[in-house]
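The numbering used here puts the sequence shown at residues 1 to 56.
Please keep in mind that the hints were generated in silico from the structure rather than gathered at the bench. A hint or two may mislead.
Cβ-Cβ distance ranges computed for the label pairs, FRET-style [claimed, not checked]:
#	residue 1	residue 2	range
1	28	52	33 to 43 angstroms
2	2	30	29 to 39 angstroms
3	53	7	17 to 27 angstroms
4	23	56	39 to 49 angstroms
5	25	55	39 to 49 angstroms
Ideal Cβ placement from N, Cα and C applies to all residues, glycine included.
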Amino acid sequence: MNPLTGLALVAALALVLGGLWLLQQPGGNRTKAVLMMVAGLVVAFNAWVVSLPIPA
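Build the full structure now, drawing on both the sequences and the hints.
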């Protein structure tokens, strides 16, 4: 696995956990929390696509 892929997965995890934390806060911005979680999923999906083998 590429070190940048691992870094992208750590960033994705931080986005998802930050979004979940923001959802739990009283008066937290739900729209921002959902967008953070969606961005984390997109980053994780992109890291997965990059890690796939190149077709022959």
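Right, here's what the structure says about each hint:
Between residue 28 and residue 52, the C-beta spacing of about 36 angstroms keeps the proposed range 33 to 43 angstroms intact. A hinted range of 29 to 39 angstroms for the beta carbons of residue 2 and residue 30 is consistent with their spacing of about 34 angstroms. Evaluation of the 17 to 27 angstroms hint for residue 53 and residue 7 yields a pass: the beta carbon distance comes to about 20 angstroms. About 44 angstroms separates the C-beta atoms of residue 23 and residue 56, a value consistent with the hinted range of 39 to 49 angstroms.
Between residue 25 and residue 55 the Cβ separation comes to about 45 angstroms, which falls inside the hinted range of 39 to 49 angstroms.
Every hint from the earlier list agrees with this structure, and none is contradicted.
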